[in-house]
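J.: Here's the letter readout for the chains.
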Amino acid sequence: MAKILKGRAKKLGLPPGSLVYAGDKPDRKLKVTILEFDEQECREREVSSFAECLMLDNPQTVTWLNVDGLQHLEDLKNLGECLNLHPLLMEDILSTDQRPKLDEWPNHLYLTLRMLFYNETSDHLDTEQLNLIIGSNYVITLHESDADLFDTIRSRIKSGQTRIRKSGADYLAYTILDLIVDNYFVILERFGETIEDLEEELVTRPVPGTLADLHKLKRDMIILRKSVWPLREVISKLERRESPLIKESTGIYLKDVYDHIIQVIDTIESFRDMLSGMLDIYLSSVSNKLNEIMKVLTIIATIFIPLTFVAGVYGMNFKYMPELQWHYGYYMSLALMALIAGIMLLFFKKKKWLGRK
Amino acid sequence: MAKILKGRAKKLGLPPGSLVYAGDKPDRKLKVTILEFDEQECREREVSSFAECLMLDNPQTVTWLNVDGLQHLEDLKNLGECLNLHPLLMEDILSTDQRPKLDEWPNHLYLTLRMLFYNETSDHLDTEQLNLIIGSNYVITLHESDADLFDTIRSRIKSGQTRIRKSGADYLAYTILDLIVDNYFVILERFGETIEDLEEELVTRPVPGTLADLHKLKRDMIILRKSVWPLREVISKLERRESPLIKESTGIYLKDVYDHIIQVIDTIESFRDMLSGMLDIYLSSVSNKLNEIMKVLTIIATIFIPLTFVAGVYGMNFKYMPELQWHYGYYMSLALMALIAGIMLLFFKKKKWLGRK
Amino acid sequence: MAKILKGRAKKLGLPPGSLVYAGDKPDRKLKVTILEFDEQECREREVSSFAECLMLDNPQTVTWLNVDGLQHLEDLKNLGECLNLHPLLMEDILSTDQRPKLDEWPNHLYLTLRMLFYNETSDHLDTEQLNLIIGSNYVITLHESDADLFDTIRSRIKSGQTRIRKSGADYLAYTILDLIVDNYFVILERFGETIEDLEEELVTRPVPGTLADLHKLKRDMIILRKSVWPLREVISKLERRESPLIKESTGIYLKDVYDHIIQVIDTIESFRDMLSGMLDIYLSSVSNKLNEIMKVLTIIATIFIPLTFVAGVYGMNFKYMPELQWHYGYYMSLALMALIAGIMLLFFKKKKWLGRK
Amino acid sequence: MAKILKGRAKKLGLPPGSLVYAGDKPDRKLKVTILEFDEQECREREVSSFAECLMLDNPQTVTWLNVDGLQHLEDLKNLGECLNLHPLLMEDILSTDQRPKLDEWPNHLYLTLRMLFYNETSDHLDTEQLNLIIGSNYVITLHESDADLFDTIRSRIKSGQTRIRKSGADYLAYTILDLIVDNYFVILERFGETIEDLEEELVTRPVPGTLADLHKLKRDMIILRKSVWPLREVISKLERRESPLIKESTGIYLKDVYDHIIQVIDTIESFRDMLSGMLDIYLSSVSNKLNEIMKVLTIIATIFIPLTFVAGVYGMNFKYMPELQWHYGYYMSLALMALIAGIMLLFFKKKKWLGRK
Amino acid sequence: MAKILKGRAKKLGLPPGSLVYAGDKPDRKLKVTILEFDEQECREREVSSFAECLMLDNPQTVTWLNVDGLQHLEDLKNLGECLNLHPLLMEDILSTDQRPKLDEWPNHLYLTLRMLFYNETSDHLDTEQLNLIIGSNYVITLHESDADLFDTIRSRIKSGQTRIRKSGADYLAYTILDLIVDNYFVILERFGETIEDLEEELVTRPVPGTLADLHKLKRDMIILRKSVWPLREVISKLERRESPLIKESTGIYLKDVYDHIIQVIDTIESFRDMLSGMLDIYLSSVSNKLNEIMKVLTIIATIFIPLTFVAGVYGMNFKYMPELQWHYGYYMSLALMALIAGIMLLFFKKKKWLGRK
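Chains as they are written, first to last, in our numbering: chain F, 1 to 357; chain B, 1 to 357; chain S, 1 to 357; chain U, 1 to 357; chain L, 1 to 357.
You can take every hint at face value.
Because identical chains share one entry, a pair is satisfied inside a single copy or across any pair of copies.
Capping the alpha-carbon separation at 30 Å, the derived lysine-lysine pairs in BS3-like fashion look like this:
{"id": "1", "residue 1": "Lys352", "residue 2": "Lys289"}
{"id": "2", "residue 1": "Lys349", "residue 2": "Lys289"}
{"id": "3", "residue 1": "Lys77", "residue 2": "Lys31"}
{"id": "4", "residue 1": "Lys237", "residue 2": "Lys166"}
{"id": "5", "residue 1": "Lys216", "residue 2": "Lys350"}
{"id": "6", "residue 1": "Lys158", "residue 2": "Lys31"}
{"id": "7", "residue 1": "Lys350", "residue 2": "Lys289"}
{"id": "8", "residue 1": "Lys289", "residue 2": "Lys216"}
{"id": "9", "residue 1": "Lys166", "residue 2": "Lys11"}
{"id": "10", "residue 1": "Lys10", "residue 2": "Lys255"}
Just so you know, the hints here were simulated from the structure itself, not pulled from any lab data.
Kindly generate the complete structure, drawing on both the sequences and the hints.
T.: Right, dumping it as structure tokens:
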């Protein structure tokens, strides 16, 4: 399950800006991909150290630096120093359980948000932090593990005459944000289907396992909400920002992302409402089942208990029991029992306890 | 049931403005109706292509272009180009699960809202997206299926000397909005009647099916609320707008629509409160029924179990059981049983378990 | 029960300002009372047509025009025309299920609010819409049925040297508002007493009927809240209004009405909280009752079932059962039963199931 | 129990400013205490009429006029006239169920708040309205019954060189407010202890009476909240007020009172949260008890019912039942019963129904 | 358990600024540590009286005065006088149950917040008030008991060339705040683990003790929230403050603390949501258990009750019962019983009551 807090305890008492890796994927190798492009050209490289960071200064091209794996503190420190990143920002990058936020630094914007994955093997929702640094002519993305998600953007850039190649770093950043938010819809559609299946199941044949599923969904909704809700404010700030790093032409695209986030939040709230309603249905169907069980018990017991009593009476061994000597006594006793059973059945019929509920 | 998200997954990774039809009515034919009118004249035509779009430029007349069926991407693309619509706007038109919103573009306003239908055959609430583009002298409405709703407006226009004929495109847009919001009231009145019937049923004879009905109503309320709530802000923005596209004289009409939406929202909230209360009543009536069942069982069992025991005692086969030899032993045992039953009945009477509750 | 929406469906597709009577009291006769007064004089008349409406122009006197019965569309149309009322305002007057609101028109203020009645015969809360038009020297009140409530104001005006006679139309409007809000308190005190009675009943002897009463009260609270909550904003706007129609000296009186409305809302919220608490109490007392029933059943059954088993054993017909031949076998079996019963009773005593709970 | 509304119905239809006593302590005598002091002197008197009210004009001294008992309408009217109090203000003083508010009049501030008492004899919370009028050099307190609370302030004033003697009327008003708010803490500490006792009781030995206690506490919290919540805004307005009646040096003291009220509100909310949690615990412990009862019944019944059946079979009177003739038939039947009982016990052990839960 | 209010009752009626110790640790000795440092030097001393307080005036060095133990009113009074602290501020220091707040005084800022501890021996959350006074070149911390927490800061200061040594009093104050907020994360991680363990336990084997644990966690969340929520506003005010006491360079560090507090609050809310969900699961699992118990009882009882009746019938002692004489009567009766049992089992199978649920 997605942990809500990760490794914060390790940092207690350290000075601010101390670099401590707080995640739980300690063995990943560092993988750095650099994609430089302008309207004419597009070059992709993988590098092994951050010595060459200075080339980000070329104002003609847009550079996208993508860092996979955040365990290599020394490399990150180098990166931070050559880009002049504040120690607090570096600390934020390594705190992999942050809520989405936007910090404005003199030469760049720092944005953190959560990518969502549905982990098929363990069948639960996972989140991962994406750190995004937007400079005048570069975008840096830092995250813990492979983000295959970005491959579609990379191929769009390489494929040529798209808008991205003609626009600046801010539009590249928008493209990344848009992809991540679109991915939220994919996750939500999946949840929507699960919820509808569960709803169907609830009405037709509720089983105790349903409750555990409901609980898992509710918990996933808590994590989803926690991941998405603050992003609304982040994008809103970005859109309204007079920062020279965001061009006005990119503003309407960010507005579109903002609309999408609002719809994501709206949908999460609707799902939460539905899940609450489904819990009520489940609990009530459990009550109905108990009622039905009790009804069966009561009908059987209340019919046979008096009959058994009558049989018990005539099973007594008193010396003088006139009925026992009667020739038709046995049949009369059976008739008596039938009469009692009949009265009971009539009573239940009046109470509407018989037949299909 | 109205799906909350539709086909968003298809668009993952596509560049912004990619035209993908996200709805679920793939086979509809495109049907385009053009209604041009001024105070003197009114002409209606159906067209088969968007080549003639330029005639919207005639500033003397108001043109209402109504498009049924959104699957014909090529035609829509032509329309978008000749009207100079932004690719993001075109994308919004095809995303048929959007929340109501208002976007202001340089030459027109784009407004999306949800039309509500009560689907009688499948007995549930359906919603459909209406896209509305308001220009200086034209209104374009785009939606997935036939909107018979609009026929009343069309005939009002054709019938002659009404206010619409004398007013501009903004008043026509108001008329459409007003019709859709008035239709919400029709849907709500229908729900109000269903809720009152259900309430009546709950108090007199609750059945398990009631719960499923309650759940369906609650779910419909979630969808209703999601469809109407954001519209409030949309109309409020429209009413306060200094946009030259909305004339001041239309403002008081929009204020009236706004008041209606507030009342719709108010009514939805009241219905939600009522439905919550009804769920409590239902659950409690289930509990009461269980209590009644248990009472019957307990009364029968606790009266007869001791009697059966007495009968069992005198059914034992011990050689020396003096009572068995007594001449009136049998009658005395019956009297003992009657006494026990009597005491039990008195006890239940004291507990007030007997009689009509 | 007070309907939440009335006859909205009838208006679907009609042009704005169409006059359709939406209420449910179709047979009332129109009754128009005109009360003209200044500091010296006071004249009351009943009229049968609206031809003489022009006399409202006399700036020296204050005129109160009270209209009972809103089914007479022709008369209302005449009134609207001679007072120059906007068609949308006329439509609002006839939509008898509106939420309270204040509209400012060039020459008058239009205010709609809800009068509350406790209908003794059907034992439920009823609401009726009061339409109030405040002009420079006249007040018009329009409603569906007799408002006997206004008689007290009328007699205060006629009785002479009161503040109303010396003040203008705005003070008369305040007097009407104040009366209606004071009437809310009367309704609330009545509810307060009902709630306290019910609370008393709940603790001492809960009956299933209690739940229906609770539900009725909760529903009435929903209607009350819906009727009063928006009025807060209406009066607040009125009080802060720079409209020349409201004199500053009337402001402090309106502030007083505002304080009263806040207290009404506060009280409704407290009642809602109390009713929620009472529902919990009721449900819990039902559970307790079930527990008690089950305890009785369990005690009786678990004592006698083993005893009956012992009797059953010695009622078996095996040829060789030594105990049956013993001289004191019978008494020993009775002693065994007494022992079993005793152990059971001790067990129940330890569990604290016996005695007063 | 503290009534939420008192005697509002009596005032229906009366003109604004009509003096009607709305409280429920009709027999109290009027008691007026005047305390005049400056830095040098301090004089206390009791007066029997309001003829001498004019002496409040002495600008050198601070006068505290305390009025016990609000039934003497004639006296209050005199007081109101000589102090030039507005009829609406006089009406507010007599409406003893008001929510806290602050009204600014030209020459004085009118403040109403609620004093809380824990009535030991009837064991519930009581509230009483305190009316406070702050003038340039006088403070008037009006309330229904003896406020012994004020004795500590009076003795602090008389005792000499305290801050109150040196400061003006505003500081005296602060002192009164501070005392009342401090008294809230006393009430809250008392509730805190009751809640902790109840919590202890809930976990160790829940009894049905617990529920009634919980309900009483919840109800008291509703009243407390209603009494304190609006006071926050009142004090905040008073603190920020530029009114010349409140000196700047008194501001920081009022800020302190404000902080206390925030803490009172915070504490009430925490208590409410705790009480909700306790209700859940109680309801759940009732369910657990039912489960335990049912478990006992089920264990006893399911063990003995099959055994009794076996005994019943061998108690049948068929002529030809071979087992009955067997020499060890009886012992074999007992062994069979023991076997059945053993299997049942193993089943229950597997289900973990035996032993300490 | 952490008390919510402490000793407020003692102060009722005392003048403002009266020094009364409201805590519950009466026996602690006073321990005062003074740490003076600048970039070159760092001196630590313990002092026994506050006579030497004047040395705080040295503008070249930063002085951190740490006071353990707040019972020594005379010493505190001396401290307050030599630092010119307002009596209300002194009173706040001794009110050890305050909600976090920030007061701005002419020469210093007063800040109170809550330190959280997890008391391992009594296994519950404890809070303690930290009072923080920030002057131009000094920071004073006052609290009731040893704060070992501060040792890490002290050793960082002593260890030499860290940022703290080069920065002013405001940065020292930030360091203290940061440490306390980081400690919140440690507490929250601990709660996170407890919640996950409990969740695991709930799903696999719910025991009644689980409920008590849930309740304890919910209660701790109430206290946590009460302690942290107001701190958000405090730090936000501090960060935005134009107070010359907070340098701009410290602002970005305070922003970082603010982000952390937001995350703490977010996490508390998520935990609260999860705990609610878990309570639902628990209650529902209790219901399921009852259902299972009832099912077992019902199956056993409804199978054997009719069988026992049949046995009872043939155990009757009527003289003329033909079946009894039949040679295979016994076997036929057994066959009849087997038939009845079989029908019952089929019925239960159809109801899906048999087998693994």
